[in-house]
Amino acid sequence: MIREFFSELFSGELFRVFVYDFLYFPTVIQIAVIFIFIALLSTTIAYISILVRRYRGHRRDVRRARINPKIDQLITENIILNEGILEDKPIEDITINLEGFRKPLYKKRWVRQALIDRLMEYRKNFVGTIGELLRIVYLELELDKDSFRKMKSPRWERKVQALVEFTSMDFTIADVNILPLTNSKVRELRAEARHAYIKLSKNEPFKFFDIATEPLLQWDQIELFKIITSTKDIAIPNFARWVTYSSNKTVISFCLKLIVYYNQQAAIPAVVKLLDTKDHFLRADAINCIGKMKIEEVEATLVNMYNNQPLNCQIEILKAVGRIESGKYIDFLRQEFLHATDFDLRKNAARSLVRNEWMAKDVIQELMVTSTPDNQLILKHVMNPLIKY
Amino acid sequence: MEESSFWEVLAGFYESTVFVYGTTLLLIYAMLAIFSLIAISHFVKKNAFVDYGTLVASPLAPGISVIAPAFNEAITIISNVRSLLTLNYPQFEVIIVNDGSSDDTLAKMVDEFELQEVEFAYNAKIKTQEVKRFFKSVNPAYSALLVIDKVNGKSKADATNAGINAAAFDYFLCTDVDCILDKDTLLKLVKPVMEEQHKRVIAVGATLRMANSSEIDKGVVVRMKPPKKLLPRFQEIEYIRSFVLGKMGWTLVNSVPNVSGGLGLFDKEIAIRCGGYDYQSFGEDMELMFRMCRYAKDNKIDYAIRYIPLTLCWTEGPETLRIFMRQRTRWARGLAQLMFAHKKMLFNPNYGNMGMVVMPYNFFFELLAPVIEFTGIIYYIVMTILGLINWKYAIVLLIFVYTYSVMITTISILWDQITFRYYKTWREVLLLCVTPFLEFILYHPLIVIFSLRGYYFFLTGKKHTWGDMQRKGFGNKPETKAKVVLAN
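As they're listed, the protein sequences go chains A and B.
Heads up: the first sequence begins at 1 in the numbering used here, then just goes up one per residue.
Heads up: the second sequence begins at 1 in the numbering used here, then just goes up one per residue.
These aren't lab readings, by the way, just hints derived from the structure by calculation.
For clarity, every value in this text was computed on a predicted model and none was experimentally measured.
Hints are supplied without guarantee of correctness; some may be wrong.
Said to hold, decoys possible - From chain B, some residues computed to sit far from chain A (all C-beta separations above 12 angstroms): (1) Ala30; (2) Gly275; (3) Phe340; (4) Tyr456.
What the hints assert, rightly or not - Below, computed lysine-lysine pairings styled on DSSO-like, alpha-carbon distance capped at 27 angstroms: (5) Lys46/B - Lys150/A; (6) Lys297/B - Lys344/B; (7) Lys388/A - Lys132/B; (8) Lys145/A - Lys45/B; (9) Lys107/A - Lys226/A.
Glycine residues also receive a C-beta, built at the ideal position from the N, C-alpha and C atoms.
Pulled out of the complex, with its shape left as it was, chain B reads as follows (with noise of 0.2 angstroms):
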C-alpha cells in the first residue's frame, strides 16, 4: 500500500476538522433555533394578558437609574435626553454623564433643562477618570436628570462606571446616549427581574435593531421600517438573528453570553462587586458580563440572565465601509482580549454554563470563525490551483453551506415575526426576507475580513481609534464628529 505523505495527512486532518468543527455549527444553529422558538412562545403566551399599566401606577415598583454616557453630542443631546426623560415607569432617574466633551454639550443642557451645580455626595465604588461636577435642574419638570461632568476618560466604560457611582437604585439600565429607547423600555425589562422564582436576574436584555430608515418623531419610533440602504439593512438581519434567534436562545437554557451595552438593564451591587466596566476593553459590554457571571459563581450566587424578545431600542448602524470596519473592528479585539483575560474559565466546570457553554462556543464559533473561514478559502485556492477541487463536490458543499445560512437567517425573521409583526408593509417585509440571500455573498466576506483584521490589532497591540462615529442623528439633523482615540 503506498504511503501518504505529510501533505496528504496534514489535508486529510484538516478537512476532517474543518468537517465536525462545520457540522457542530450547523446543529447548534438548529438547536437555537429550537430553543429560540420555545422560548418566544412562551414569552407570547406568559405576556399575553400583562398589564404593564399596573406597574406604572405601583408604589412597590423597584428604582431603575438609567445612565447614558454623552460624548460630543451637542447636536443630539436635547431631543435624546428629553427621550429618556418621558419613559414610562414610576421611580427612576436619568443619569447623563458627560465624558469631558470638547462641544458645547454641557451647556446645552444647563441651558435647556435649568441645571444648577450641586454639591453631591458620590461614592467613587468603582475608580474613575476625576468627576468634577453635578448639576441638577431647578424645574421640577426634570427632577429626575442628574448631570455628572468628568474628565474624558477615552472610552464609554469610564463614564458608566461614573453613572453607576453615583446611581441611586439597585438596578441600573445602560444606553447609548444616541439610542431611542421604546417609551415603555423599563416596564419589560425590570419584568424578569421581578418574576423570578429561584434566581437573582443579574441582567436582562432585548432586541436592539436599526433606526437608519424608520421615521422618528421627538425622540420616538413612530414607524419601524428596515433600512433602505444595503449595509444597514445586513446589519438588521444580522441583529434580528443574533438576539431573536441567538440570544432567545441561550436564554432558555441560561446561557446568554452578552448583554448590549446599547440596551440592558443590570444589578447595581453584583456590577459593582465585580469592579463595573472594564475601561481597557474593547468589548466592554460582554467582558462586564463575563465578570458579573464569574463574581457569581464564585460567590455561589445562583443567578440567570434573561433575554425578551421584544425590541426596545433602536441605534444608528454604520452606513458606511470604513465605519463599519472600524466598528467591526473593535468588536473582534474586544472578543480576541476577552477569551485571553478569561481563559481560565474556557472547559471549567466551577463556572457551570458559563465555563462549559458560553466560553467554549464563544472561543470556537465566534473567536476562532473568522480564522477558519479564512483559512478554509487558502486551502481552496491552494486546491484549485493544485487542481485537486472536485468541483461538483465542492459546489454542492457551497449549495449546502449557502441554503443552510439563508434557512437559518429567514426563520429567526420568523420569529421575530411571531413576536410582533414589526413591519407595516409587505413590501418591507420582502425586502428584509430577500436580503438573506445576499447576505451569504456580500456581507458575510466582510464580517471575516473585519474580524481578522481586529485580531491582527490586539496581537500586535497596534493603537486604534475609538469611536469616529459620524452621525447623521435621527430626524434629518446636521452630521456631528466624534473622535477620541485610544491608545492601548
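Just chain A, with the same shape it has in the complex (with noise of 0.2 angstroms):
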C-alpha cells in the first residue's frame, strides 16, 4: 500500500487524488489536507518575513551607519567647533552654516529622522552653548515639523516619539496640547506626556498634578523624578499642597519623594498631619519622609502611636528614630531590640540603637553581654561596617 502510494506520488496521481478525491476524502482528511496548505503557506510567509525584516534592518544599519558620519561631520564642524563658541561669543551673535544640513540628502525623510536622532544624542551630552546651538539647528531646518506631524498622527508610539524629540531639542508647545495626554490611558504616553509636560511647560509645569487621575506608577516616579530633578531653572512648588489636597495616593507617596529630595521644610506640616491617614502604605511613606528629614519635632508622636501600627509602619518608625538620631529614645529601641518577637523589628530597633550610639553606648555594651545569644548576634551584624544591609 505505501508502495502504490507512492507510485501515485511521483506519477502525478497525487494532484488527481487531492483534485478530484478531495471531496470524497473523510471530514478528518479534507481539514488534514486544508490544514497543510495552510501550514505550508504560513511556514513560507514566515520564512519570507524573516528574510525581508532581517534585509530591512540590515538596510537601515547600512543607511544609517553611512549617515551618521557625514551628519556627525557637519554637528562637529559647524556647532562644537563654531568659532563663535571658541570665541566666547554670546548665543545670539554665533552664526551657525547650515549649507551642508540642506543639501537636497538632507531632504528626505529618513535622513531627516536621523538627524534629528544624531541632535538627540548630542543634546544629551552637550548642555550649554553647543546645546542651544542644536536646539537652533532643529529649529532652522524645520525638523519640529516632522516632530508635529508625529504628533497628528492616531498612533500612540508615534506620539511618544514626538513628545520624546520635543522634550529633547526642549521645544515648546502649549500646555493645552500636552495636558489632556497626562491622563492617556495608555500608559506610556501618559508618562512621556508628565515629562514633557514638566520640561516644557512655561506656566505651571506640576499643574497635571492637580488633575492626575491614573496613578503614577513606580515606574513613572523613576522617570519623573529623574527629569525634575534635572532640569535647569524649574520653579519648585511646595509639594505639600498636594499632600493635602491631592485624592490621589501615587501623587501623594511622590511627592513625599520630592520633599525628602527638596528638604522642603515648609511640608513638615502636611506631611505630619499625613500620619492620621488610614492607608498604612501611605503612613509609612510619610514615616519614610520625617525619619529622611530628621524632624525631631515629630519623634514623640511616632513613638506614642509605634503600638497600634502595622508591621511595615511600625518598621519605619523604627528607622526613622534611628535616623533623627535625638538619642531621647533608647529605651524605646532597646525595648523593642529584646522583646519584639519579629526579626525585622529587632534588627531595626538594633540597628536605630547604633545610630544613635553618641547617646547608646552603655546600652549597646549592657545588650552585648545580657542579651539572648540571637539578639548579641543581631548586634554584631548591624555593628560591622561590612555588612550594609
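Join the two chains into one complex using the hints; note that each chain is given alone, in its own frame.
So, in C-alpha cells, the structure goes:
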C-alpha cells in the first residue's frame, strides 16, 4: 500500500487524488489537507518575513552607518568647533553655517529622522551654548514640523516619539496640547506627556498633579523624579499642596519623595497630618519622609503611635528614630530590641540603637553581654561595617 | 446491521479521543502564536523609547538580591561571580550559596574576593540544611557580595532557600552560578514589576538560550550564535518556542505556568510565605510558581506573572545524549510530581487561571502528551500488523502533523526575530530555520522516551541521579564534574 501511495505520488497521481477525490475524503482528512496547505503557506510567509525583516534591518543599519558619520561631521564642524563658541560670543551673535544640512540628501524623510536622532544624542551630552546651538539647528531646519506630524498621528507610539523629540530639543508647545495626554489610558503616552509637561510647560509645570486621575506608577515616578531633579530653571513648588489636597495616593507618595529630596521644611505640617491617614502604605511613606528629614519634633508622636501600627509602619518608625538620632528614645529602642517577636523589628531596633550610639553606647555594651545569643548576633551584624544591609 | 466488536468500539473511541485531543492541542498552539505576537508587539512598542539609564541613576530603584547556588564549581566560580558583580543596577547584592562543595569552590572565592568570615544575623524563615558560615569582602569593590557556606542539601532548592533567608531586599533574582546574564538583566526584569498598575507582580521571567557556540569574553556574551552541534541546537529552537511563543502567549492572559530556575525575579515576601522552593521536588521552579499562585489566590492577592521576550540569560545545554536524558527525565519526573501534589487545583475555579487554564493545559498537553503519543505509536504498529491502516490517509495525517509542527517552530523563530535580530549572519539564521525540519524526526521522539522514563521513575519511586552535569565551562575551560545522588 505504501508502495502504491508513492507510485501515485511520483506519477502525478497525487494531483488527481487531491483535486478530484478531495470531496470524497473523510472530514478529518479534508481538514488535514487544508491545514497542510495552511501550514506550508504560513511557513513560507514566515520565512519571507524573516528575510524581509532582516533585510530591512540590515539596510537601515547600513544607511544609518553611512549617514551618521556625515551628520556627525557637520555637527562637529559647524556647531562643536564653531568659532563663535571658541571666541566665547553670546549665543545671538553666533552664526551657524547650515549649508551642509540643506543639501538635497537632507530632505529625505529617513535622513531627517536620522538627523533628529543624532541631534537628540548630542543634546544628551552637550549643554550650555552647544546644546542651545543644536536646538537652533533643529528649529532652523524645521525638524519640529516632522515632530508635529508625529504628534498628530492617531498612533500613540508616534505621539510618544514626538514628545520625546520635543522634550529632548526643549521645544515649547502649548500646554493645551500636552495636558490632556497626561491622563491618557496608555501608560507610555501618559508618562511621556507628563515628562514633556514638566520640562516644557512655561506656566505651571506641576499642574498635571492637580488633574492626575491615573496613578503614578513606580516606573513613572523614577522617570519623573529624574526629569524634575535634573531640569534646570524649573520652579519647584511646595509639594505640601498635593500632600494635603490630592486624592491620588500615588501623587501624594511621590510628593513625599520630592519633599525629602528638596528638604522642604515648609511641607512638614502637611506630612505630619498624613500620619492620621487610614492607608497604612501612605502612612509608612509619611513616616519614612519624617525620618529622612530628621524632624525631631515629631519623634514623640511616632513613638506614641508605634504600638497601634501594622508591621510596615512599625519598621519605618524604628528607622525614623534611628535617622533622627536625637538619643531621646534609647529605652524605646532597647525595649523593642529585647521584646519584639519579629526578627525585622529587632534588627531595625538594633540598627537604630547603633545609629544613636553617641547616647546608647552603654546600652549597646550592656545588651552585648546580657541579651540572648540571637540578639547578640543581630547587634554584631548591624555593627559590622562590612555588612551593608 | 452487524454489531461492532468490543475492540472496534474501543478503537473508535480511541481514535475519536486522539482526534479531539490533537485538534485541541493544535488550536492552542495557533492561539498561543497569536497571543504571543500581540504580547511581543506590545512589548516592542512600549519599550521603544525606554531609557534604562534613568533607573540606573535613580535613588528610588527597588533593591534586588541575586541568589546563585554553587556546588563544586571551582573551575568557573571566579569568572561567574565577577560576571554577576558587574550587573548594571543601582542597588543589589549577590548572594553565592556554597552548597557544601567538596572541591575548593569556597577557598577560591575567599582568596579571590578577599572574603572574611562575619557574624551574620540569619533568620531561617524557610527551613534548610544547616548554614555554617557567612563571608563578606574586606575589599569595598566587592561590598555587594555575600557568600554563604552551608551543609549540602542535595538540591538547588535547599541552597536557594538559604539565599532567600539571607536576602536583604524585597525582590530576589534566582539564577544558576554557571548561567551568563545580560548586564542589564535586573533593569529589564524589574520594569514589569514597576509598571504594573493594578496587580502585584510576583514573578518575572525572560528568555533563556544556549551559550554553547556563542562567543563569551570574561563572563559576557559578546556574540550570540546558534549551537553548532545538533542536540543543543534542537534545544535552542525548543527554548525559543517555549519562551518566545509559549510563555509570551500565556503572559497575555496572565497564565504563565513557570518562571525558569535559570532566570527569574521573584517577590520575596510571597516566596517566603508559601514556604520557598521544595527541596524534594525535581521541578522546583515550576513547583514554587504553583505554590506562589496558590498562596496569592488563597489570600485574595490579585497577582500577575510576567514574561519579557528578551534574551537575558545563556546556559550551557547538554551536548551528549546521556546528560540530556538525565535532564529531561528529571524534568518529566518533576512535572508528574507537581501535578500529583497539586491535583486539587485541577479544574478548581477558586484558583482562577491557575486552576482553569494552567493546570488543565499542563496536565493534558504537557504531562499526558508523551503517553498519548506513545500509545498512538503502539496503535499504529498494531493496526499495521493487522493490515487495517489506510496508508493514503495515514501519510496525509503524518504530513499534516509534520508541517504544522514546522510551522509553529518557524513562527516562533520569526517572533524572536521581530523582537531583536539576535544572530548576526544570514547563515546562522538559516541554520536555525532548517533545524525544525529535523526536530520532529530526530529530537521529538527522544523527548517522548525520556519523559516516559521520568514518569516511570516517578511511579516506581526509583532513585535518581541529580545533576551529573558535565560542564565544559565557557571559554575552553577544562571539564568539571558535579555529582550528587538524591534519594527520594
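For each hint, the structure was consulted:
{"no.": "1", "hint": "Ala30", "in the structure": "violated, 9 angstroms"}
{"no.": "2", "hint": "Gly275", "in the structure": "holds, 17 angstroms"}
{"no.": "3", "hint": "Phe340", "in the structure": "holds, 34 angstroms"}
{"no.": "4", "hint": "Tyr456", "in the structure": "holds, 32 angstroms"}
{"no.": "5", "hint": "Lys46/B - Lys150/A", "in the structure": "holds, 16 angstroms"}
{"no.": "6", "hint": "Lys297/B - Lys344/B", "in the structure": "holds, 14 angstroms"}
{"no.": "7", "hint": "Lys388/A - Lys132/B", "in the structure": "holds, 20 angstroms"}
{"no.": "8", "hint": "Lys145/A - Lys45/B", "in the structure": "holds, 23 angstroms"}
{"no.": "9", "hint": "Lys107/A - Lys226/A", "in the structure": "violated, 35 angstroms"}
This entry does not satisfy hints 1, 9, going by the numbered hints stated previously.
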